[in-house]
Amino acid sequence: MPHRCARCGRVYEDGDPEMLKGCSCGGKKFFYVKGIKNLEDVISEIDVVDESDTEDEGKEHVESIKMLNDGSYNLNLDLLLRRDEIIIEKKDGSYALHLPSFFKKKS
Amino acid sequence: MGMWSSLRGRFSLWVGKIFGRRSVKIGIYGPPNVGKTTLANRIIRDWAGEDVGVVSDIPHETRRVKRRKDVKINVDRSSIKLDIVDTPGLATKIDFRDFLSYGLEEEEAKKRAKEAAEGVIESIRWLDDLDGVLLVMDATEDPYTQVNITVIGNMEARRLPMLIVSNKIDLPTASPVKIIEAFPQHTVVPISALKGNNMDTLYDGIYEHFR
Chain A
576 MPHRCARCGR VYEDGDPEML KGCSCGGKKF FYVKGIKNLE DVISEIDVVD
626 ESDTEDEGKE HVESIKMLND GSYNLNLDLL LRRDEIIIEK KDGSYALHLP
676 SFFKKKS
Chain B
163 MGMWSSLRGR FSLWVGKIFG RRSVKIGIYG PPNVGKTTLA NRIIRDWAGE
213 DVGVVSDIPH ETRRVKRRKD VKINVDRSSI KLDIVDTPGL ATKIDFRDFL
263 SYGLEEEEAK KRAKEAAEGV IESIRWLDDL DGVLLVMDAT EDPYTQVNIT
313 VIGNMEARRL PMLIVSNKID LPTASPVKII EAFPQHTVVP ISALKGNNMD
363 TLYDGIYEHF R
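Taken in order, these protein sequences are the chains called A and B.
Per our numbering, the first sequence starts with residue 576, numbered consecutively.
Per our numbering, the second sequence starts with residue 163, numbered consecutively.
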């Protein structure tokens with residue numbers, strides 16, 4: 576079980592010689608730590624909520640394409656299939672209307 | 163749009179049937195990486211001896227619609243002439259970061275994402291000019307996806323003849339039954355476009371649905 580220095584928080588594995596000599600910060604008191612995880616493991620376990628999926632709840636969608644970032648797009652397939660007109664929501668929240676699609680001759 | 167283009171399509175099909183010379187325009191649709199281009203290549207190779215497009219494991223390989231005219235398919239003693247329209251994959255979200263794991267550079271991945279988004283719109287535009295749709299699904303994946311459900315609902319509203327193709331049945335995890343159970347109102351044909359399994363059943367289905 577790893578040990579953490581009570582003074583600086585540095586973690587030492589069980590049996591580490593530093594435990595006998597004392598911590599590099601000069602601290603000589605250590606306490607047991609249960610289940611220390613790597614920072615990468617902790618980060619990987621955090622559920623990242625995609626803001627693009629939640630921020631528009633309850634909002635009426637008029638945009639057929641939403642630009643989230645450079646190279647990332649949300650496509651509203653239902654609107655694209657039902658309507659000829661293409662409305663693009665840019666990442667700054669402004670809208671662009673694709674005029675040729677609005678004036679497309681109905682067959 | 164839906165009712166008129168449907169009537170026009172049916173009239174045009176009927177005229178073609180009477181005079182027996184018009185090709186039936188069939189679009190191959192579905193999400194990315196379900197094997198649409200593999201299927202288009204299989205059909206065209208079987209009956210015209212050539213390929214229509216490049217196949218790869220990276221999603222959104224096909225980003226422009228590709229069309230091969232006058233592919234004549236013989237079924238029993240009859241035949242049907244098809245225009246095969248291979249379309250880019252339909253998706254609700256396209257993120258360049260998904261392509262980075264395939265070894266693409268960031269700029270290349272962003273360009274691919276942009277072209278893929280344009281490809282979705284081009285695919286949808288083509289629906290107005292088609293006589294029928296082959297909707298391809300991956301038999302190893304859950305069929306209850308937003309793309310599948312949205313596309314099927316819209317095809318039904320357009321009254322566009324549609325055949326569901328359950329592809330990749332050569333893979334051990336394939337479960338075409340799931341697709342059959344998910345969409346019982348439609349004909350589902352399980353195939354492997356890659357291996358050529360059950361293609362005769364698909365050709366029979368194409369003839370029955372789209373002639």
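Hints are supplied without guarantee of correctness; some may be wrong.
[To be verified] Capping the alpha-carbon separation at 25 Å, the derived lysine to aspartate or glutamate pairs in DMTMM-like fashion look like this: (1) Lys-276/B - Asp-645/A; (2) Lys-272/B - Glu-664/A; (3) Lys-273/B - Asp-219/B; (4) Lys-666/A - Glu-284/B; (5) Lys-243/B - Glu-588/A; (6) Lys-243/B - Asp-257/B; (7) Lys-231/B - Glu-370/B; (8) Lys-187/B - Asp-332/B; (9) Lys-228/B - Glu-588/A; (10) Lys-231/B - Glu-212/B; (11) Lys-666/A - Glu-267/B; (12) Lys-666/A - Asp-219/B; (13) Lys-228/B - Glu-660/A; (14) Lys-666/A - Asp-291/B; (15) Lys-272/B - Asp-257/B; (16) Lys-357/B - Asp-257/B; (17) Lys-255/B - Asp-232/B; (18) Lys-243/B - Asp-208/B; (19) Lys-228/B - Glu-343/B; (20) Lys-641/A - Glu-277/B; (21) Lys-187/B - Asp-653/A; (22) Lys-641/A - Asp-290/B; (23) Lys-603/A - Glu-588/A; (24) Lys-665/A - Glu-212/B; (25) Lys-231/B - Glu-269/B; (26) Lys-231/B - Asp-332/B; (27) Lys-273/B - Glu-588/A; (28) Lys-228/B - Asp-667/A; (29) Lys-228/B - Asp-245/B; (30) Lys-272/B - Asp-645/A; (31) Lys-255/B - Asp-245/B; (32) Lys-357/B - Asp-213/B; (33) Lys-276/B - Asp-591/A.
Everything labelled a hint here was simulated from the structure, so no lab data went into it.
Taking the hints in turn, this is what the structure says about them:
Proximity of Lys-276/B to Asp-645/A is assessed by CA-CA distance (about 9 Å); at most 25 Å being required, the pair is judged to hold. As the CA atoms of Lys-272/B and Glu-664/A are separated by approximately 18 Å, the hinted pair is consistent with the 25 Å bound. As the CA atoms of Lys-273/B and Asp-219/B are separated by approximately 17 Å, the hinted pair is consistent with the 25 Å bound. For the hint linking Lys-666/A to Glu-284/B, the alpha-carbon distance of about 23 Å falls within 25 Å, and the restraint holds.
Of the supplied pair hints, the one linking Lys-243/B and Glu-588/A is violated, its CA atoms being roughly 73 Å apart against a limit of 25 Å. Distance restraint check for Lys-243/B and Asp-257/B: the Cα-Cα separation of roughly 38 Å exceeds the 25 Å cut-off, and the hinted pair is therefore not satisfied. The suggested pairing of Lys-231/B with Glu-370/B holds, with an alpha-carbon distance near 20 Å, which does not exceed 25 Å. With a C-alpha separation of about 28 Å, the suggested pair Lys-187/B and Asp-332/B falls outside the 25 Å cut-off, and the hint is violated.
Note on Lys-228/B and Glu-588/A: the hinted pairing is violated, with a Cα-Cα distance of about 61 Å set against a maximum of 25 Å. A distance of roughly 12 Å separates the Cα atoms of Lys-231/B and Glu-212/B; the hinted pair therefore holds under the 25 Å criterion. The hinted pair formed by Lys-666/A and Glu-267/B meets the criterion: a straight-line CA distance of about 23 Å does not exceed 25 Å. Taken as a hint, the Lys-666/A and Asp-219/B pair is broken in the structure, with Cα atoms around 30 Å apart against an allowance of 25 Å.
Only pairs whose Cα atoms come within 25 Å are accepted, and Lys-228/B paired with Glu-660/A is accepted, the gap being roughly 24 Å. Taken as a hint, the Lys-666/A and Asp-291/B pair is broken in the structure, with Cα atoms around 33 Å apart against an allowance of 25 Å. At most 25 Å may separate the alpha-carbon atoms for a hinted pair to count; Lys-272/B and Asp-257/B meet this at roughly 8 Å. For the given pair, Lys-357/B sits about 31 Å from Asp-257/B by alpha-carbon distance, which is inconsistent with the 25 Å threshold.
Only pairs whose Cα atoms come within 25 Å are accepted, and Lys-255/B paired with Asp-232/B is rejected, the gap being roughly 34 Å. A distance of roughly 13 Å separates the Cα atoms of Lys-243/B and Asp-208/B; the hinted pair therefore holds under the 25 Å criterion. With a CA separation close to 31 Å, the supplied pair Lys-228/B and Glu-343/B exceeds the 25 Å bound. Restraint check for Lys-641/A and Glu-277/B: satisfied, since their Cα atoms lie roughly 15 Å apart, inside the 25 Å limit.
As the CA atoms of Lys-187/B and Asp-653/A are separated by approximately 23 Å, the hinted pair is consistent with the 25 Å bound. Pair hint Lys-641/A plus Asp-290/B holds up; C-alpha atoms about 24 Å apart against a cutoff of 25 Å. The straight-line distance between the Cα atoms of Lys-603/A and Glu-588/A is roughly 15 Å, inside the 25 Å bound, and the hint therefore holds. A threshold of 25 Å between alpha carbons decides the hint, and for Lys-665/A with Glu-212/B the separation of about 42 Å lies outside it, so the pair is violated.
In summary, the hint linking Lys-231/B to Glu-269/B is not supported, as the alpha carbons are separated by about 35 Å, beyond the 25 Å threshold. Pair hint Lys-231/B plus Asp-332/B does not hold up; C-alpha atoms about 29 Å apart against a cutoff of 25 Å. Under the criterion of a C-alpha separation no larger than 25 Å, the hint pairing Lys-273/B with Glu-588/A is inconsistent with the structure, at around 48 Å. At most 25 Å may separate the alpha-carbon atoms for a hinted pair to count; Lys-228/B and Asp-667/A exceed this at roughly 35 Å.
In summary, the hint linking Lys-228/B to Asp-245/B is supported, as the alpha carbons are separated by about 10 Å, within the 25 Å threshold. Pair hint Lys-272/B plus Asp-645/A holds up; C-alpha atoms about 7 Å apart against a cutoff of 25 Å. For the hint linking Lys-255/B to Asp-245/B, the alpha-carbon distance of about 29 Å lies beyond 25 Å, and the restraint is violated. Between Lys-357/B and Asp-213/B the CA atoms are separated by roughly 15 Å; this keeps the pair inside 25 Å, and the hint holds.
About 54 Å separates the Cα atoms of Lys-276/B and Asp-591/A, which puts this hinted pair outside 25 Å; it is violated.
Violated hints, listed in ascending order, are 5, 6, 8, 9, 12, 14, 16, 17, 19, 24, 25, 26, 27, 28, 31, 33; each of the other numbered hints is respected by the structure.
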